[in-house]
Amino acid sequence: MKTILKSLLAITVLSVVFTSCGNGGSKKGAQGALSGSAAEKVYVAPGEHDEFYAFVSGGFSGQLAVYGLPSGRLFKVIPVFSVDAEKAYGFNEETKPMLNTSHGFIPWDDSHHPDISQTAGELDGRWVFINGNNTPRIAKIDLTTFETTEIIEIPNSAGNHSSSFVTENTEYVVAGTRFSVPYPQRDMPIEEYKGNFKGALSFISVDPEDGAMDLKFQIMMPGFNYDLSHPGRGKSHGWFFFTTYNTEEANSLLEVNASQNDKDFIAAINWKKIEEYVNNGGGTKAPTRYAHNVYNETTHTATSTIKEEVVVVDPSEVPGAIYFLPTPKSPHGCDVDPSGEYIIGSGKLAAELTAHSFTKMLAAIEGEKFDGEAYGIPILKYDEILAGAVKQPGLGPLHTEFDGQGNAYTTFFISSEVVKWKLGTWEVVDRKPTYYSVGHLMIPGGNSRKPFGKYVLAMNKITKDRYLPTGPEVTQSAQLYDITGEKMELLLDFPTIGEPHYAAGCPADLLKPNSKKIFKLEENEHEYAVKSEAEAKVVRDGNEVHIYMTMIRSHFAPDNIEGIQVGDKVYFHVTNLEQDYDVPHGISMIGANTSELLIMPGQTETFVWEPKQVGVWPFYCTDFCSALHQEMQGYVRVSPKGSSVPITYTLDGDAVDAE
Amino acid sequence: MKLKVLVVALVVAMVSSCGSDGKKSDKKAAPKEEKKEVVEVDPMKDKGIGPITSVTLTEIDQAMADKGKAVFSAKCSACHKMSKRFVGPALAGITERRTPEWIMNMILNPEEMVEKNPIAKKLLAEYLSPMANQSLTEEEARLILEYFRTVKEK
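Sequence order for the protein chains is A and B.
In this note's numbering, each residue carries its 1-based index in the first sequence increased by 34.
In this note's numbering, each residue carries its 1-based index in the second sequence increased by 3.
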């Protein structure tokens, strides 16, 4: 009997343990199997990895930040359009050409809309593209190195905002101008805007093998503001959709004057038709100037080329390729659902969300259901193409993403909330507040045929009291919601760099196996690379001195250099001989008017030092590399101009030697 | 009484499996307190830890040794000189002091060697700069070994 009692007790105790285990320790079982404390859902234990990568635009920092989800931990800030002293981006000789433009070297931009490359409408994790808004550019980041490897300037464009979204097989990355400008650019009165200003929509082809970008053609559209865009997918593959505002073509006080029309347009562009036209010799080769900058991973060096011609297409040359879909009140977001059927227009000032039907659009084109035209482009009849509208969803709709389960999630700037609604029935299912004034939102893969509908990331425009105050300027803010249940659940606030606009996310498993660990020394073709200490040397060429230097734990070779003179231009070409993961070395020189270098294993980088004072000046390693890191240093002797001290260089008292 | 012990044990097991929350245990175990090593190892019997378990040596192959010298110059000579202590130990005559397997494992698997192999641990304590993993292939390590066989201690 006693034994039986004990057994029963044991079973009871065990079931309690089992039960609490199954619930994840939660008392909120009523909210569904996946509910639990928010802290548990975002907790990634020390040494564990996050499930998703999130690439969050750095806004006015010009960069791209890499976060883990659900933890919200910041892993890396990838320099794209702005110089970054930490990584010597834009400071070392190798990356300066990346920031060249037709206006010269520009150390900053405003980065907005990252988008991950796709194959067959699904994320393929090869590259992420992002637009520079101010001096129009599109950048490509290689997701094996997480480095910017190509930047192309967009001519005839200004406020490069309806960018940088990719087509279903990354055939093109698309860049649309927010501000229309005179075409061609010229000295003219601003009040003659109407009819003389044009809006360029640029299609940049992407090589399927190596990702090389090429500005294939520009469509010179009427002088509206082209705000955002998204590609067709599935059935609507081959089309691209752009929201417009300021169809009034106002050039002053747009706040009032561009909000007059009851409806503006979504421009539907059949890019396949225009591509075919261009491939057959259509379009005009127009003179222009833009920079195309390419970073070569083998030479570890970027080159900048100025191009002087672009193919432009006037919409009237390709009838049947472009239509306007009337959309209420200055639409901002332009989002296409995973099936490619619904095109969602978010009228910033409208009381409802508009969903156009792609099927109905094709039928209306077929049946010529037109409501006039604008600059020769047919305007389709609103009622003929409308799929439905979400009534009274909130105030100030901006952007929509999809979970792949038939739900859409839209941000509302004015009423500060994310609203979940159903595609097809247009009913609102749930709404959750954001803190505060949300702009974009992101579901990993939410702009593809295959979303990973587990989390939505909301990126806010205003932070106010969400964190400890840090004076008048406070950090920017993002918020993570669990969307696996019927109702959304706010899990986490985390700070972001710059002002985040759009973001792109994908499962970590898509990128993790391809992430490069080192650069192989054998493959290093940098012009000034040295691959062993025996090859290290110092060469004078007039007043230029080239130091071919190596670094390994924990010394430089050579580390004593004499024969440098005031007025010389001294190039430090430094190769990291390490071939092990996570062993970068840094180098910095007293008085050098530039940043440090941070050199990855197998890589070569260069900085320039122009010594101004006689003396013996040290340099040292800036990245703590081993127990003897503090010993990693050297000296350069600087003599007066014209001195007879010869160039000599040593390591450990010997001329640098291998054995 | 025995049953009670069993029950307690089971409950503890359940609770701890709960704590790990079903996560895969592919992560590294936390470093354990190592016992003091007191056993003296004969270096000429110690094969070290790593991918190399057996090397059969025959006559020195000079062509291999020449290739090995080239690899050594490119990847190793920044820290090792043959005739003198540098960042790491002098290497002339090394094949008379260590087994071929130990040498190759030290080249190919230095992280684990300096963590677990008593001789390698002692070397790290003396030299402080950890032996760098230069990501060589087994074939390259074998070539270097052949080169080492040609350099005797003076």
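Derived by calculation from the structure, the hints in this document are not laboratory data.
Everything numeric in this text was worked out from a predicted model, so none of it was measured.
A portion of the hints provided could be inaccurate.
[Stated by the list, open to error] Computed cross-link-like contacts, EDC-like style, restricted to lysine to aspartate or glutamate with a CA-CA straight-line distance of at most 20 Å:
no. : chain 1 : residue 1 : chain 2 : residue 2
1   : A       : Lys-551   : B       : Glu-115
2   : B       : Lys-87    : A       : Glu-127
3   : B       : Lys-70    : A       : Glu-569
4   : A       : Lys-551   : B       : Glu-114
5   : A       : Lys-554   : B       : Glu-141
6   : B       : Lys-87    : A       : Asp-688
[Claimed, not checked] Looking from chain B toward chain A, a few residues come up when the C-beta cut is under 8 Å (computed):
no. : residue
7   : Cys-82
8   : Ala-93
9   : Asn-136
For each residue, glycine too, the CB sits at the ideal point set by N, CA and C.
* Failing hints, ascending? -> Of the numbered hints, 2 and 8 do not hold.
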